[in-house]
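Undergrad: Protein chains in written order, with numbering that gives the first Met the number 0: chain A, 0 to 236; chain B, 0 to 210; chain C, 0 to 254.
Calculated directly from the structure, the hints in this document are not laboratory data.
Cβ atoms here follow ideal geometry from the backbone N, Cα and C, with glycine treated the same way.
Mixed in with the good hints, there may be bad ones.
[As the list claims (entries may be wrong)] Partial list, derived from the structure: chain B residues whose beta carbon lies under 7 angstroms from chain A: (1) Leu58; (2) Phe113; (3) Leu114; (4) Ser124; (5) Arg134; (6) Val135; (7) Val138; (8) Leu145; (9) Asp146.
[As the list claims (entries may be wrong)] Listed next, with one range per pair, are the computed distances between beta-carbon atoms: (10) A:Leu34 <-> B:Tyr59: 44 to 50 angstroms; (11) C:Arg153 <-> B:Pro101: 55 to 61 angstroms; (12) A:Ile221 <-> B:Pro101: 21 to 27 angstroms; (13) A:Gly213 <-> B:Leu5: 45 to 51 angstroms; (14) A:Ala21 <-> B:Tyr59: 37 to 43 angstroms; (15) A:Leu121 <-> C:Asn168: 52 to 58 angstroms; (16) B:Val85 <-> A:Ile221: 26 to 32 angstroms; (17) B:Arg127 <-> C:Gly76: 22 to 28 angstroms; (18) B:Ala61 <-> C:Ser241: 43 to 49 angstroms; (19) B:Leu119 <-> A:Ala194: 39 to 45 angstroms; (20) A:Gly213 <-> C:Ser142: 54 to 60 angstroms; (21) C:Ala30 <-> B:Leu119: 27 to 33 angstroms; (22) A:Glu236 <-> B:Asn200: 22 to 28 angstroms; (23) A:Thr216 <-> C:Arg86: 32 to 38 angstroms.
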Amino acid sequence: MKYFWLSFKAIFIKDIVAELRAKQVLPTMIVLGMLIVWILRIASEASSVSTTVIGPVALWIALLFAGLLAQERSFAIEQQQDCIYALLLAPVDAGTIYLAKLFVNVVMLCIFEIIIIPVVFLSFPLSVQNRWLSLIAVLMLGNIGISSVGTLFSAVVQLTRTRGSLLSIIVLVILAPMMIPATFALLTLFGVIGAQVTGSGTLAFVGSFNAAVGYMTAFDAIFVVACWLLFGFAIKE
Amino acid sequence: MRRILLLLAFVLLLASMWMALTLGQITPVKRNTLYAHVPSSVCALLCFVVVLVGSIGYLYSAKPTWDLIAAASAEVGALFATMLNVTGMIFSRAEWNIWWTPSPRLITSAILWFLYVVYLILRASLPRSQHLRARVCAVFGIIAFLDVPMVFISARFMPDIHRPSFSFDSSWQTAALVLSMAAIALLAAVLIWLRTDLLKNTAKLEKESFC
Amino acid sequence: MSFRIPRGMSKNKQTDDANNSVISVNSLSKAFGARLVLNNIDLEIGRTQSVFICGVNGAGKSTLLRIIAGLLQPDQGSVQVCGYNIRKEPEKAKPQVGVIAHKSMVYPNLTVFENLSFFASLYGVKNGVARIEELLEEIGLFSYRYDKAGILSRGLLQRLAIARALVHNPAVLLADEPFTGLDAEARQHLVTILASFTDNGGTLVMTTHDIANSIQYCDRVMVLDRTRLIFDAMTCDIDTASFAQDYLLYARNIN
Numbered sequence: 000m001k002y003f004w005l006s007f008k009a010i011f012i013k014d015i016v017a018e019l020r021a022k023q024v025l026p027t028m029i030v031l032g033m034l035i036v037w038i039l040r041i042a043s044e045a046s047s048v049s050t051t052v053i054g055p056v057a058l059w060i061a062l063l064f065a066g067l068l069a070q071e072r073s074f075a076i077e078q079q080q081d082c083i084y085a086l087l088l089a090p091v092d093a094g095t096i097y098l099a100k101l102f103v104n105v106v107m108l109c110i111f112e113i114i115i116i117p118v119v120f121l122s123f124p125l126s127v128q129n130r131w132l133s134l135i136a137v138l139m140l141g142n143i144g145i146s147s148v149g150t151l152f153s154a155v156v157q158l159t160r161t162r163g164s165l166l167s168i169i170v171l172v173i174l175a176p177m178m179i180p181a182t183f184a185l186l187t188l189f190g191v192i193g194a195q196v197t198g199s200g201t202l203a204f205v206g207s208f209n210a211a212v213g214y215m216t217a218f219d220a221i222f223v224v225a226c227w228l229l230f231g232f233a234i235k236e
Numbered sequence: 000m001r002r003i004l005l006l007l008a009f010v011l012l013l014a015s016m017w018m019a020l021t022l023g024q025i026t027p028v029k030r031n032t033l034y035a036h037v038p039s040s041v042c043a044l045l046c047f048v049v050v051l052v053g054s055i056g057y058l059y060s061a062k063p064t065w066d067l068i069a070a071a072s073a074e075v076g077a078l079f080a081t082m083l084n085v086t087g088m089i090f091s092r093a094e095w096n097i098w099w100t101p102s103p104r105l106i107t108s109a110i111l112w113f114l115y116v117v118y119l120i121l122r123a124s125l126p127r128s129q130h131l132r133a134r135v136c137a138v139f140g141i142i143a144f145l146d147v148p149m150v151f152i153s154a155r156f157m158p159d160i161h162r163p164s165f166s167f168d169s170s171w172q173t174a175a176l177v178l179s180m181a182a183i184a185l186l187a188a189v190l191i192w193l194r195t196d197l198l199k200n201t202a203k204l205e206k207e208s209f210c
Numbered sequence: 000m001s002f003r004i005p006r007g008m009s010k011n012k013q014t015d016d017a018n019n020s021v022i023s024v025n026s027l028s029k030a031f032g033a034r035l036v037l038n039n040i041d042l043e044i045g046r047t048q049s050v051f052i053c054g055v056n057g058a059g060k061s062t063l064l065r066i067i068a069g070l071l072q073p074d075q076g077s078v079q080v081c082g083y084n085i086r087k088e089p090e091k092a093k094p095q096v097g098v099i100a101h102k103s104m105v106y107p108n109l110t111v112f113e114n115l116s117f118f119a120s121l122y123g124v125k126n127g128v129a130r131i132e133e134l135l136e137e138i139g140l141f142s143y144r145y146d147k148a149g150i151l152s153r154g155l156l157q158r159l160a161i162a163r164a165l166v167h168n169p170a171v172l173l174a175d176e177p178f179t180g181l182d183a184e185a186r187q188h189l190v191t192i193l194a195s196f197t198d199n200g201g202t203l204v205m206t207t208h209d210i211a212n213s214i215q216y217c218d219r220v221m222v223l224d225r226t227r228l229i230f231d232a233m234t235c236d237i238d239t240a241s242f243a244q245d246y247l248l249y250a251r252n253i254n
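This is chain A alone, in the form it adopts within the complex:
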């Protein structure tokens, strides 16, 4: 406990500095995000679905895939010179390492969002109508959820043969349930659907914007706690 704050800060700063120096992952994330958004924009012209629906979806997909890139990197840097062992040798709790890396990934996604949101607004005819705070809140919840699972599994997936694609399927399948309320929340914020939806179907299952935010918060809380508790088992021998 004594080492918590100091090591948390140290790992966080070290990761951010290393990434800013390497200038590797952030540019890749941004380019990937932009490409996804543009491809979806082009595709949406061909379909009869209005582009305002595809916009929020494009945002989530870009966020998911950029998040995967960031998470993979967060443990790839520890593999280079076996630095992960240096971390395990130190009297740092495994949970602290997890929280620090989680925080780094969330920050990376935030930086990514700052750049990708203007791109989404450029590409799709969307408007938020002064609901900016809600948008930021929903995106933050999404960031935390996306990073929570990826940070845990990135630590172990480094050791497998298939590496990147394996992390993708793990994270996407576990996050799939969270995407339902997440999509609902964004669709409401961008005015595509009303704040309440009734009837049958997946969106009605969520019901309302508040319920969507509630579900996302619950997912985040459950997954962060579970991954935090299990992280020690994942990296120690």
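Starting from the known structure of chain A, arrange chains B and C on it as the hints suggest.
TA: Then chains B and C, alone, in the frame of chain A:
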């Protein structure tokens, strides 16, 4: 012993079908898939519980048997999740003329299937040595289980194209359903048992057994 | 194999004064699956001893070191460092241990100074900057302190690895074959640093299979063979030259 149980399971299953069709007189006959669909869904969920128990057991005690139980259960569970989805699609095509629709129950059943499949892929991709595979799969098993309750909740509480409950015309049909439930549960248990032993023997033969 | 044991000395472990023991290994066993690597190892290492553990490749030297460092869980037995169990009380035991291994365990994109201040923070070192500067001076890396670790040569990288291991003033330094890949000058420099470490009250445990060159630097030598510790003596009590010869013969005939 296990052969007898397997035989018993098959016999029970056939008996339930016969009961439903003749004594219960369900019509149209296409509703027969129900007797495979409902028990499959229960089994698919229960198998995941066994995966969870095996995962927690392994992380707690580091004994390989727990991990093998989890793996066997994941394989059997994948089988039942496949059956669940396929029989569901057959039934809905027959009954309502659509193969699939994005309703909560169907989506969460699909997610259950994906969770099983990703577990199996993860297991296959990890190197067999150093307890690593067991540890990682156990961690995945526990995290994945957090998604499973939704399958259950969405079935029971949400309005959906999927009928959450149905009434039977005669008590024979209810009996048939119960019988088929018992049959498939028995089948699942025996399969898990068989598979665990097979995995144990494979590990012993290859002399890797958790190196 | 047989090593010439000086008359009057048994092959059994040399126990130091129990109060003084810095590393205490009790009934340690470790198996990787069906393959037993360490079988009931017992040893005590006292302060300021510099111990060389020899053995052929695959004898279990690295495994033993990793268990002492707390990285691996033994199947049986326990390890105490400075009186604290390394698995049960890691917060007290791990700050006493520094490790040098085959890879340098430093971040290539950070400078020497940043790397060391990161590790100093992890261990909660007080007055980190002063400590790092003093350490860099001793090790000879002061002029490289703003260079990125990725561009250092192998010898300098090894020095940085040592600095990383020593930044938190551990009581014990575990070195896993530290001389591999070093030229004569770097090797000499390393020997000086290790000697000053033990002179200042540290305990060194090193694994090596190059016994001929290393034997003159250690106080105590052990041989690990096929899961057991078969030889354990203080170098002042044995004839080092003949030991080195015997060991070479043993190593060649091991199969």
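Undergrad: Hint by hint, say whether it matches the structure.
TA: Hints and how they fare:
1. Leu58: holds (5 angstroms)
2. Phe113: holds (5 angstroms)
3. Leu114: holds (6 angstroms)
4. Ser124: Constraint on Ser124 of chain B satisfied, holds at 5 angstroms.
5. Arg134: Hint holds; Arg134 of chain B Cβ to chain A Cβ min 6 angstroms, cut 7 angstroms.
6. Val135: With a closest approach of 5 angstroms, the Val135 of chain B hint holds.
7. Val138: Interface hint status for Val138 of chain B: holds (5 angstroms vs cutoff 7 angstroms).
8. Leu145: holds (6 angstroms)
9. Asp146: holds (5 angstroms)
10. A:Leu34 <-> B:Tyr59: 44 to 50 angstroms: holds (45 angstroms)
11. C:Arg153 <-> B:Pro101: 55 to 61 angstroms: Taking Cβ atoms as reference, Arg153 of chain C and Pro101 of chain B lie about 58 angstroms apart, which means the hint holds.
12. A:Ile221 <-> B:Pro101: 21 to 27 angstroms: Cβ of Ile221 of chain A to Cβ of Pro101 of chain B: about 24 angstroms, so the range 21 to 27 angstroms holds.
13. A:Gly213 <-> B:Leu5: 45 to 51 angstroms: The hinted range 45 to 51 angstroms holds for Gly213 of chain A and Leu5 of chain B, with Cβ atoms some 46 angstroms apart.
14. A:Ala21 <-> B:Tyr59: 37 to 43 angstroms: holds (39 angstroms)
15. A:Leu121 <-> C:Asn168: 52 to 58 angstroms: holds (56 angstroms)
16. B:Val85 <-> A:Ile221: 26 to 32 angstroms: With a Cβ separation near 31 angstroms, Val85 of chain B and Ile221 of chain A satisfy 26 to 32 angstroms, so the hint holds.
17. B:Arg127 <-> C:Gly76: 22 to 28 angstroms: Hint holds: Cβ distance 26 angstroms, inside 22 to 28 angstroms.
18. B:Ala61 <-> C:Ser241: 43 to 49 angstroms: Hint holds: Cβ distance 45 angstroms, inside 43 to 49 angstroms.
19. B:Leu119 <-> A:Ala194: 39 to 45 angstroms: The hint (39 to 45 angstroms, Cβ to Cβ) holds, given that Leu119 of chain B and Ala194 of chain A are roughly 41 angstroms apart.
20. A:Gly213 <-> C:Ser142: 54 to 60 angstroms: holds (58 angstroms)
21. C:Ala30 <-> B:Leu119: 27 to 33 angstroms: Given range 27 to 33 angstroms: holds, Cβ gap about 28 angstroms.
22. A:Glu236 <-> B:Asn200: 22 to 28 angstroms: Roughly 26 angstroms apart at Cβ, these two residues keep to the hinted range, so it holds.
23. A:Thr216 <-> C:Arg86: 32 to 38 angstroms: holds (37 angstroms)
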